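Note that the protein sequences, when read in sequence, are chains W and R. Sequential numbering of the first sequence, starting at 222, is according to our numbering. Sequential numbering of the second sequence, starting at 75, is according to our numbering.
Note that these hints are calculated values from the structure, not bench results. Keep in mind it's a predicted model, so treat the numbers as computed, not measured. Some clues are possibly wrong.
Residues on chain W that point at chain R, a partial pick, calculated with CB under 10 Å [claimed, not checked]:
(1) Gln304
(2) Ala307
(3) Tyr320
(4) Thr325
(5) Arg330
(6) Lys393
(7) His540
(8) Ala541
For every residue, glycine included, the Cβ atom is placed at its ideal position computed from N, Cα and C.
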Amino acid sequence: MYAQQVETGTKAIKSLAEMGPEERAFQEKIDAEIKIEAKNWMPDNYRKTLIRQISQHAHSEIVGMLPEGNWVTRAPTLKRKLQLMAKIQDEAGHGLYLYSAMETLGADRDEEIEKLHSGRAKYSSIFNYPTLNWADMGAVGWLVDGAAIVNQVPLQRTSYGPYSRAMIRVCKEESFHQRQGYEILLHMMRHGIQAQKDMVQDAINRLWWPSLMMFGPSDAESPNSAQSMAWKIKRHTNDELRQRFIDQTIPQLELLGCTVPDPDLKWNEERGHYDFGEIQWEEFYEVLKGNGPCNRERLETRRNAIQDGAWVREAAVAHANKKQKQQAAA
Amino acid sequence: MSEWTLFEVFIRSKHGLNHKHVGSVHAVDAEMAIENARDLYTRRNEGVSIWVVPSASITATASDEKEPLFDPSEDKVYRHASFYELPDEVGHM
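Bound-form chain W, shown alone (with noise of 0.2 Å):
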């Protein structure tokens, strides 16, 4: 989900007969859940997606920074600041974990990155709307980040080893971001006034259909769905962990006495789960082209930071230089 769109380069999935003896191996080693690691043998498209996957995963995670960076000078309490900054720092944390685990699969850092900043690689798509008001950093925990966990937790099984343990990581984390969130729009609705109970109420109304993007496009319109499961990079289809979100984040809306913008959601007790109105995909899939409301100024401030930062760097290895000659001289 933070990887909502991940081409594999398959068209129909191979059975075994018709696979060579290392991807027949290699397919049996995923099939009995043993995991993938660097130096093993793995078919080039697995290894491209992964790359992909990985890499829109990683920039989401930094990206994801920007939205919430806008209210660090903003937050109204020094406590409110330093807990925002904490899981801002999280953030950046989980980018570099995700950075890492593509860097063994051959993959280059600043080659992934400038494809980042020039348009060419993907991010997930809830980045690109604005945090207008205190509760959208409430939301963005709540909402943002719990879907980000339902999506990550069944990562943790997936079959190349480094990007599980990336997510195990990942996953110990982001428990204390969803919580930070709800606390947030839980005391604004207990404790605040009405204007204030009035900004959770818009945030939700604001943030919740493009929550439900988050996990991708409907199962029938992801053609890569099969092959990524196949191959257990993705675990879950993504209408089944929309769902799974959609129905742990009911009861703690009513918790807090709010609605979600959605006149045909309700219970369904036959089947066990909320049913839930038409997702606009055509807002989606524009806002994936670049055309959502914050697009070009995420790309711009990203690339601004690695230019204002590209002093730094040099610094640093002009400094080690430095201290290696000494070091050689004494």
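Once you've looked at the hints, dock chain R against the given chain W.
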């Protein structure tokens, strides 16, 4: 950053266990690698000691060596305590 060295990071937790591999960082030198590892891998009291090693310095077993290296120990069940059946009267041993 690609021209920076890749370091593998090992951390020993509070309880005196072995240093354990936790991931990797890029840095210009070992000193910076320690600083980066501290920021990245010990934000929540995860460790009391950090080792960093240039990734290029690590020699690893190859994946195609797995069977010749590790299979021989598979049939040596007598190396495990559970192989030895003792009467209940002996108690915990």
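These are the hints, each one checked on the structure:
The closest approach between the C-beta of glutamine 304(W) and any C-beta of chain R is roughly 13 Å, which is over the 10 Å cut-off, so the hint fails. The beta carbon of alanine 307(W) is positioned within 10 Å of a beta carbon in chain R (closest approach about 8 Å), and the interface hint is therefore held. Residue-level restraint check for tyrosine 320(W) holds (minimum Cβ-Cβ distance to chain R is 9 Å; threshold 10 Å). Using the Cβ-Cβ criterion of 10 Å, the hint placing threonine 325(W) at the interface with chain R is satisfied: the shortest such distance is roughly 9 Å.
Checking arginine 330(W) against chain R: minimum C-beta separation of about 6 Å stays under 10 Å; hint holds. Here the hint on lysine 393(W) is kept, as its CB sits about 9 Å from the closest CB of chain R, short of 10 Å. The restraint placing histidine 540(W) at the interface with chain R holds, with a minimum CB-CB distance near 7 Å, inside the 10 Å limit. Given hint, alanine 541(W) at the interface with chain R, holds; its Cβ is 4 Å from that chain's nearest Cβ, closer than 10 Å.
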